[in-house]
Every structure is written in structure tokens, then in C-alpha cells.
Amino acid sequence: MKSNLILNGKGHTTGIVKAQAVVSRNPFGFWQGIDPKSGKVIDKRHDLVGQSLKGKIFVFPYGRGSTGTPGIFLEAVRNHAAPAAIINLNSEPMIIVCSLLAEEFYNVSIPIIDNLDKNPFEVIHTGDWLIVNGESGTIEIIAEK
Amino acid sequence: MRLTDEEKKILQGGQGEPRRIAMKILTHLGEAFGAERMIPVASAHLVACSYQIAGEAGIEIYTRLVEQGARVSVPTTLDPGSIDFERWNEFKTPKEYVKRQIVISELLQKMGVIPTWSCTPYYFLNIPLFGQDLAWSESSAVIFANSVIGARTNRMSAYLDICAAIVGRVPYFGLHIPENRKGEILIELTSELSDHFSDVYFPVLGYLIGQVSEDKIPVINGVPSASFDQLKAFGASAAATGSIALYHMVGVTPEARNLNEAFQGAKPLKKIQIGIGDIQETMENMRTYTSGKIDIVAVGCPHASIEQMRRYAKLLKGKHVHKEIELWICTNEVVEFMAKKMGYIKTIEKAGGRIMVGTCLNDCPLSKWNFCCLVTDSGKFTYYTPTTIGTKCYYTGTEECIRIAIEGRIGEKQ
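Taken in sequence, the protein lines are chains D and X.
Numbering-wise (the numbering used here), the first sequence opens with residue 1 and increments by one.
Numbering-wise (the numbering used here), the second sequence opens with residue 1001 and increments by one.
In case anyone wonders, no lab produced these hints; they're calculated from the structure.
Ideal placement from N, C-alpha and C gives every residue a C-beta, glycine not left out.
Derived list of chain D stretches under chain X, where covered just means 3 residues or more per stretch with a C-beta under 8 Å from a C-beta of chain X:
id : segment
1  : 26-33
2  : 69-80
3  : 90-103
With the hints as extra help, turn the sequences into a complete structure.
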């Protein structure tokens, strides 16, 4: 049996999540990036416009744009419409803060992993099922789309 | 992280729950970024003060902090809110929205913030010094404080900023460390562009540099000179299209008196040349329509300064805004107060322009207006309004914006 591909990186926040990936090679800002009620991408300039990030493992290179990101993100957490985990090349402080605040104020664990030993854009595709472990910083691709 | 005895005490809850939560989040972040210690900050600037950004989650978070007795411990100013507190009815803001914004305002004021409601705190009431460490949010204010003033702040963000304001500290990493402020990529303007550089190019150059710099610190060589207002417009644009928190402009900004200083003696990782053709191409990209119906002309993003108010008033004196067009000028209460004294507000309003105070088109709910086609002199409005209010957008210079508002059409008079 073919063993599952595992990526190792730096886990910033705790939690283990099993969910499907949504992948974009474009930087992302959550303010005017998602609708915090539905979790859908609303940024018309972004390739993911119209797709939902709710409950997904969101893979993108790094955060961009407005420092309002955690504001919108926490509203999405409150509405159960936030991504379940985040994978970046390099996580901006404000992306990590989203997860720290979700844990502190809403008891929700959203693992964030960056600095991976393999290029996530070459091995993870939208629709793949992953297990993300924020504690160990590992990502396991359990089923490809 | 190595914490001081007082910081350890805060982390253990010895100075109350809000300070414990704030210190916990800041420490966790510091550890993620390899910070060895905390440093004190001179001021904070908060972004999750608008209901549009903070939402109900913000109200819950601030309510919890206020009930636990949270107070800011350094001067702390506020970004624009989601309403004009005086004229919300004129701007057709839904009453429920107004009520929720007022709740946020009251909660924040219980924590001792200075209610500036402006994205330009560096013009008044929160003016940093060169080399000072800050805890600022608002991408356009962060880039200004770092680049134009030479103060030091990472891009703080919603709620992280209030944590820093409560304990008056941030973890020492990123742009607080002088070596990390060195330029990384060189943006060289062609001599043709440099020789013909004009006011209208600042937001365009910023728009382009935000896109090409990725997450690197750009050094711009060839901008002959720049005013406070021009640098404000340039940086806001660059911080909207990219994630830039710091740039250097050789011969203009304080950490870049020459190329060598801007790169701290190192070599650029990459060189990019920008010419007039690139500026024109970017300007075309900043126009999603070039003729036909216009329904709103908006200026004052970031918030207009008193000098800009003077400029608008001069252009509008004795004229009238076209009857099918709205002209909105966004600013803050401080500039409004002075502009009123100087007669500018009267001139602008007499000409049919509206002053929008303490908020802007990106923060205020405007769906009742059904705007379709915007004209602006702001790169930041250009970038965000297609999403925030769903309009098509036409970028042009300030004079041309006001002319279009008066004549009612893009392009020359037939």
C-alpha cells in the first residue's frame, strides 16, 4: 500500500484537524476577502472568489492587505464559518493572531503551519483530504482528489 | 522568551485578567517569531474599532475586556469607524448599524482610548518620533510611521493592537530590529519617469510597487521629492495591493539618505526598473471603465489633510457639482474643525460636495446608494471599492477628480 505523503513544518498553534484543502498561490487578506457570515471568498481580484473556506484547510502563501484581518476572521469563527486550519509558506503575525484569539475567546482550535519541508503548492491540491497537526507541525495527505 | 519579573507577574494574572490575556497572546506571538524579549511601545493605533471590521465578535471581545477592567496603558488612537457620527442619516446608514457602532465606541472609550476615528493619526494626536517603537495597525498608517517617520512598528492587527495597548509592550522582532529594516529590492525609476514625476503618479507607483515587491522591503530610487500628502497616498496604495510595512525612498525618507544607507551596505536581492510605460499600464489597470455614467467622485483616502481641504475648496469655489453626481470628501473631526474655521467646508458644501467624517467609503455601509461607477484619486479606494461597495472604478489625479465631479464626465468636454 502506498504510504501517505507527510509534510513537516512549524506548527504555531495547537489542534488536530481533518478536512479538505482549498489551495491558492495568491496572497490573501481576510478583510474584504471573505464574507464572515458564509466563509465565502468575496475578493473579486482573487482566484478563489465565490469558493467557501468554511471548515476547509486553507493553503495560501502569506497574508496581505488590511490589518483588519483578525476582526473579520473572529467574526467568521463566531459564525462557524472560518477555515478549520491554515497552511502558509510564511505566516504573517496577524494570521497567527487569528488562531490565538479564536482559542482565547471562542475555545476553537485552528492550527496554523508554515515553513514546510516541501513546497505545499506542488503536493497539495484543492479537494485533497489532509490531517493537520498544529502541535507537531505535520500535514498528512490522506486522500488525493 | 526572557520576561522581566513584572511581565511574568502579568502573565500569571497578578495584574488582572485583561493584562494576563494580552500578555499571553503577545508572548505566544513573540515565541512564534523568535523574539527574545518584550519592549515598551510609545503608542498604539487600533483598527477593530469599526463595526464593519469588529462585528459582533468584536463587541463580545471588548465587552469581556471592559467587564474585567481593561484600560490602555499608552496613548491609543482609533482608525475610522463605520459611521459618520453626526451625518449618518445623510449617508443612509442603517439605524441598527449605527447602534452597534456606538456600542463599540462606548466600550473602547471605557478602556481610555483617544477617539480620533482616523487612518491618519500621524497628522495629529499620535505623532511618533524617529526610532520610537509603536504598536500600530492600519496598513496605511503602519507604512507611513515606518517609512516616512522612521518609527518602528510591525503590522499589528485587529485585537493584537489592543493587547499591546493594554500592556504597553510588544515582542521584539521584525521591524523593531534595526537590521531587519534594510532594503531588499531596488526599484529604479527611469530618468524619463524621474524627470517627469508628478502628483498623480504617487498612488500609481505605490499600486505597482505593492504588487511587485511581494513580502520584501523595496527601495525606490528616482522620486525627486515628495510631500507628506504624496507619501501618504503612495504608501496607502502600496500597502493595499501588497503587504508592505516599510519602504525606503532614496533622498526622501529618513533611513535612506543614500542608496548605501537604504540597503545598510548590502546588495539588493533584485532590481526592477520602472518607466513611464509601466506607470501608464498600471493606471490603465486602475480603471475598470473609461467612459459613460458616473455616480460618485470620492477623495480623502487616507483621510484628507487640511492642505488637501484647501485644494478641494479652491477647485470648487464658485462652481457646482454636477446634479447627477455625488462628491464625497473623507476626513476626520480635527481637520473638519480647522477646515470649518478656514471657510473650506462652507465653500465645499455650497458647491454641493459632502464631507464624510470619521469613516470612509471602505468602512461605511453604502448599499442603499446603489453606486455603480466611482472616480477617485486614491489607490487604496481604487483597490478596495470594487469589493467594499461593488463599483467600477476610475483612477485619476485630484484636479481631474474635481473637474469630473463638476462637468459630469470623464475626458475632455465635447
